[in-house]
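Chain order of the listed sequences is A and B.
Position one of the first sequence corresponds to residue 1 (my numbering), numbered consecutively onward.
Position one of the second sequence corresponds to residue 475 (my numbering), numbered consecutively onward.
Careful, some of the hints might be misleading.
Partial list, derived from the structure: chain A residues whose beta carbon lies under 7 Å from chain B [what the hints assert, rightly or not]: (1) Pro90; (2) Gly92; (3) Ser152; (4) Asp156; (5) Thr198; (6) Gln201; (7) Arg270; (8) Pro276; (9) Val284; (10) Thr285; (11) Ser289; (12) Ser292.
To be clear, the hints were calculated from the coordinates, so they are not data collected in a lab.
The beta carbon of each residue, even a glycine, is placed where N, CA and C say it ideally should be.
Protein chains: 2
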Amino acid sequence: MILSEKSATFRDHALFLPQRGRRALAGCVLLAAAFLPGAAALAETAGQPQQQQVANFLLDNGMEVVVIPDHRAPIVTHMVWYKIGSADEPPGQSGIAHFFEHLMFKGTSKHKAGEFGAKIAEIGGSENAFTSYDYTAYFQQVSPEALETMMSFEADRMRNLILTDKVISPERDVILEERRSRVEGDPDGLLSEEIQATLFQNHPYRIPVIGWMHEMEKLNRADAVAFYDRYYAPNNAVLIVAGDVEPEAVRMLAEKTFGEVPPGPDLPPRVRPTEPEQNTARTVTLTDSRVSVPSVSRFWVTPSYNNAEPGEAEALDLLSEILGGGTRSRLYQALVVKDRIASGAGAYFSGTMLDSSSFTVYGAPHGAEGLDRVEAAIDVEIARIVSSGVTDAELENAKDRFVRSMIFARDNQSNMANIYGQTLATGGTVEDVQEWPDRIMAVTADQVQAVAAKYLNPDVSVTGYLLPEPTARN
Amino acid sequence: MILSEKSATFRDHALFLPQRGRRALAGCVLLAAAFLPGAAALAETAGQPQQQQVANFLLDNGMEVVVIPDHRAPIVTHMVWYKIGSADEPPGQSGIAHFFEHLMFKGTSKHKAGEFGAKIAEIGGSENAFTSYDYTAYFQQVSPEALETMMSFEADRMRNLILTDKVISPERDVILEERRSRVEGDPDGLLSEEIQATLFQNHPYRIPVIGWMHEMEKLNRADAVAFYDRYYAPNNAVLIVAGDVEPEAVRMLAEKTFGEVPPGPDLPPRVRPTEPEQNTARTVTLTDSRVSVPSVSRFWVTPSYNNAEPGEAEALDLLSEILGGGTRSRLYQALVVKDRIASGAGAYFSGTMLDSSSFTVYGAPHGAEGLDRVEAAIDVEIARIVSSGVTDAELENAKDRFVRSMIFARDNQSNMANIYGQTLATGGTVEDVQEWPDRIMAVTADQVQAVAAKYLNPDVSVTGYLLPEPTARN
Chain A
1 MILSEKSATF
11 RDHALFLPQR
21 GRRALAGCVL
31 LAAAFLPGAA
41 ALAETAGQPQ
51 QQQVANFLLD
61 NGMEVVVIPD
71 HRAPIVTHMV
81 WYKIGSADEP
91 PGQSGIAHFF
101 EHLMFKGTSK
111 HKAGEFGAKI
121 AEIGGSENAF
131 TSYDYTAYFQ
141 QVSPEALETM
151 MSFEADRMRN
161 LILTDKVISP
171 ERDVILEERR
181 SRVEGDPDGL
191 LSEEIQATLF
201 QNHPYRIPVI
211 GWMHEMEKLN
221 RADAVAFYDR
231 YYAPNNAVLI
241 VAGDVEPEAV
251 RMLAEKTFGE
261 VPPGPDLPPR
271 VRPTEPEQNT
281 ARTVTLTDSR
291 VSVPSVSRFW
301 VTPSYNNAEP
311 GEAEALDLLS
321 EILGGGTRSR
331 LYQALVVKDR
341 IASGAGAYFS
351 GTMLDSSSFT
361 VYGAPHGAEG
371 LDRVEAAIDV
381 EIARIVSSGV
391 TDAELENAKD
401 RFVRSMIFAR
411 DNQSNMANIY
421 GQTLATGGTV
431 EDVQEWPDRI
441 MAVTADQVQA
451 VAAKYLNPDV
461 SVTGYLLPEP
471 TARN
Chain B
475 MILSEKSATF
485 RDHALFLPQR
495 GRRALAGCVL
505 LAAAFLPGAA
515 ALAETAGQPQ
525 QQQVANFLLD
535 NGMEVVVIPD
545 HRAPIVTHMV
555 WYKIGSADEP
565 PGQSGIAHFF
575 EHLMFKGTSK
585 HKAGEFGAKI
595 AEIGGSENAF
605 TSYDYTAYFQ
615 QVSPEALETM
625 MSFEADRMRN
635 LILTDKVISP
645 ERDVILEERR
655 SRVEGDPDGL
665 LSEEIQATLF
675 QNHPYRIPVI
685 GWMHEMEKLN
695 RADAVAFYDR
705 YYAPNNAVLI
715 VAGDVEPEAV
725 RMLAEKTFGE
735 VPPGPDLPPR
745 VRPTEPEQNT
755 ARTVTLTDSR
765 VSVPSVSRFW
775 VTPSYNNAEP
785 GEAEALDLLS
795 EILGGGTRSR
805 LYQALVVKDR
815 IASGAGAYFS
825 GTMLDSSSFT
835 VYGAPHGAEG
845 LDRVEAAIDV
855 EIARIVSSGV
865 TDAELENAKD
875 RFVRSMIFAR
885 DNQSNMANIY
895 GQTLATGGTV
905 EDVQEWPDRI
915 MAVTADQVQA
925 VAAKYLNPDV
935 SVTGYLLPEP
945 TARN
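So that you can see chain A by itself, here it is in the shape it has in the complex:
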């Protein structure tokens, strides 16, 4: 679900917005699959027979540690995941989780602002950070000798940030500008926000990760300090180290650095308001002169890996792959290849969430083709799966495509670290990651049909239309 966006902004402690429109039309099988839990373990199974030797332990102050040895190259990926995302924000303070991600790059009582980044640049490493609904994460990729330095800097900013108005104010201008450019400046971004606000009627996933402009404008020092004191603590964090290191060495370094940080307050369980039963078909239409090609997308609330009935999230993953995962999918073959009415069409499932998730289909017309025809053709393909199911061959192919894309993903060490981090920050365990391939392999064609019938109900859905001016309203 993440890491797929423009690398330029990603390098600069980026925000992961649900950029549905953009992602949707890009066709990102590989990246979508790369962030599914268990991708790594499955790749391991396929690539080499032994199970990956992952270490998982707690420091005395409650910080969880995962070490994923990977000795192919002298590189190490160091990530700290905080179990705090936009869906945990106090009402009326939307955007503070992402704002805080920015503030983490400011000075501490030990290090001036910019010192950490300068050190990474000096040794030829890279760094980044991102915020989502359920977590905020920071990472660096460096040579193994520099790991202790990274851990030491990261442990320092977990507790010692200096949060003065002089720091807060200009950085607030930065996030406001970021919102102007990513949302107000982008019809896709505007539409995505209002689709999400319509799709979730009660759960805070309806609120944008970057925040509502009018609430961001009011974020202040007191809010930031309260947020830091509450959520930035070792007992609310997961350390992931992947790379050319041994677990015992990581444990020693972690105890020496993060282990010195006192635990924060015990936090209550992350219980957010949940969705009511939904009963209506909704649409959200944005007509904007900046749009050149219209598009349609349809969303359904579904369970996530963390709250689904056994097998349902896996079946939804395979359904998204068969229905709309890349050029061999039903939607692409029918709309783009066979009927030539669409320039793109697909589906995706964002299953790695703490609470409810969503399933999406999308399409954009080819040439002057009507958007209504594209939408109708998508409906036909969904109805076909609901009524007749998928074939065993399709299912095996989909599983195979997952495996192959994961082998590819496995090559990227930071992807590995991400998979574990994202899973652990959304209620999962190391075992969930490792057992996931078996659970995917066990999904039957009947299960895929069953989740399609259960969740892809057109009478309870949200459909987004992005329309150019002056095209007639759809």
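Place chain B on chain A using the hints.
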């Protein structure tokens, strides 16, 4: 906005749901007008020249008191308004304000459950209670001699309720059943909820007053006790007494009864998350076999009397009257009388809210007429006002209709008490009620056109469709 629903449920400490569909199609000029602030004072101006002598003072414990003498008959209306409504509920505890309204009819340390009601019945009085987004109110109408007894009972249950599990559990079953009957059992109710959840993307007005079923099911004793301790206190309440009494007598009785209740904690200002800028046209469609006649309604977020620019709320009130208030309105004349395509059509503005409000237009087709034609005809009427404004004659007629309906409203003592209570519970003052007629009279035709142009933008709106099965989707 309230008191217009089925009197049967009203008698039984009712909940005021935004039953838009039902109200919409009933055409309730009189009742809508009756609850606008200042209705009483205007009626007074029109009926008899002197300003109404309303007394307004505070008790030592912070309880506000309003006394509205009305000596036409030996009746008194006694109301206590708590400044707590569903929009103040903690996230995830939707429905607790209304649940608490029910619990207020249980036993206290002084009186057994039912004793209060039995006393009222014995003396031939009536009583009721209701919950809305911004307030919860309790009232009795009795003969003046019984006022002290009413105040004494009411003061008692402000502090002395016995909230045991034995009390809580069965009453929770009652509210769940109430929801089943009013929402799940009523397509109008279901659609209204999801329209509201779509219209408000951030403000808690998007959450139903009665609560989401899955959250109501979890309301428990601890929630109820915390809610009672926080919000049920004299410094969070307004006492309204209208009728055959003198202010000084009421003051003495109030000091003797409510005056003995210690103040609760100081409450922070009622600041709820506010709406972001909205950018999209949204629709919400419910297709239900229980629907016999389809209908369409369109909603816009607008300011309320409490947060509008000067004159805008008054102009929105007059706009609703000219556009869709009753049988002489533009919508009714065009769609029902002239074109005969609609069986009903109208508009209303719900201006008495603490935060944002909404403006609504609606229509239902006549016979086999298409809903799309009704919707298009409504759009034409709105566009006409936006482009050409309203005539001075129309405006004067609308003001006149307001006046006349208010004279009628003035005859109902409990309406008077309601107008003051509702205004004071949503940020207004006694002066606001009294000055309102002058502000309405000062509205110009240009102002009416201006608010139509500013707020009734079809590209930023929510349209609801209620469709019978198997009518084709609109």
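The hints, checked one at a time:
Checking A/Pro90 against chain B: minimum C-beta separation of about 9 Å lies over 7 Å; hint violated. Taking 7 Å as the C-beta contact cut-off toward chain B, the hint placing A/Gly92 at the interface holds, the least distance being around 4 Å. Among the interface hints, the one on A/Ser152 is violated; its C-beta lies about 38 Å from the nearest C-beta in chain B, farther than the 7 Å criterion. Because the closest C-beta pair between A/Asp156 and chain B is about 34 Å apart, greater than 7 Å, the hint is violated.
At a threshold of 7 Å, the smallest CB-CB gap from A/Thr198 to chain B is about 5 Å, leaving the interface hint in force. For A/Gln201, the shortest C-beta to C-beta distance to chain B is roughly 4 Å, which falls under 7 Å, so the interface hint holds. Violation of the interface hint for A/Arg270 is found here, the shortest Cβ-Cβ separation to chain B being roughly 12 Å, above the 7 Å cut-off. At a threshold of 7 Å, the smallest CB-CB gap from A/Pro276 to chain B is about 4 Å, leaving the interface hint in force.
Look at A/Val284: its Cβ gets to within about 5 Å of chain B, closer than 7 Å, so that hint holds up. The closest approach between the C-beta of A/Thr285 and any C-beta of chain B is roughly 5 Å, which is under the 7 Å cut-off, so the hint is satisfied. Proximity of A/Ser289 to chain B is violated relative to the hint, the smallest CB-CB distance being about 12 Å (cut-off 7 Å). Interface hint at A/Ser292: violated, since its Cβ lies 18 Å from the closest Cβ of chain B, which is beyond the 7 Å cut-off.
Hints 1, 3, 4, 7, 11 and 12, counting from the list given before, are not met by this structure.
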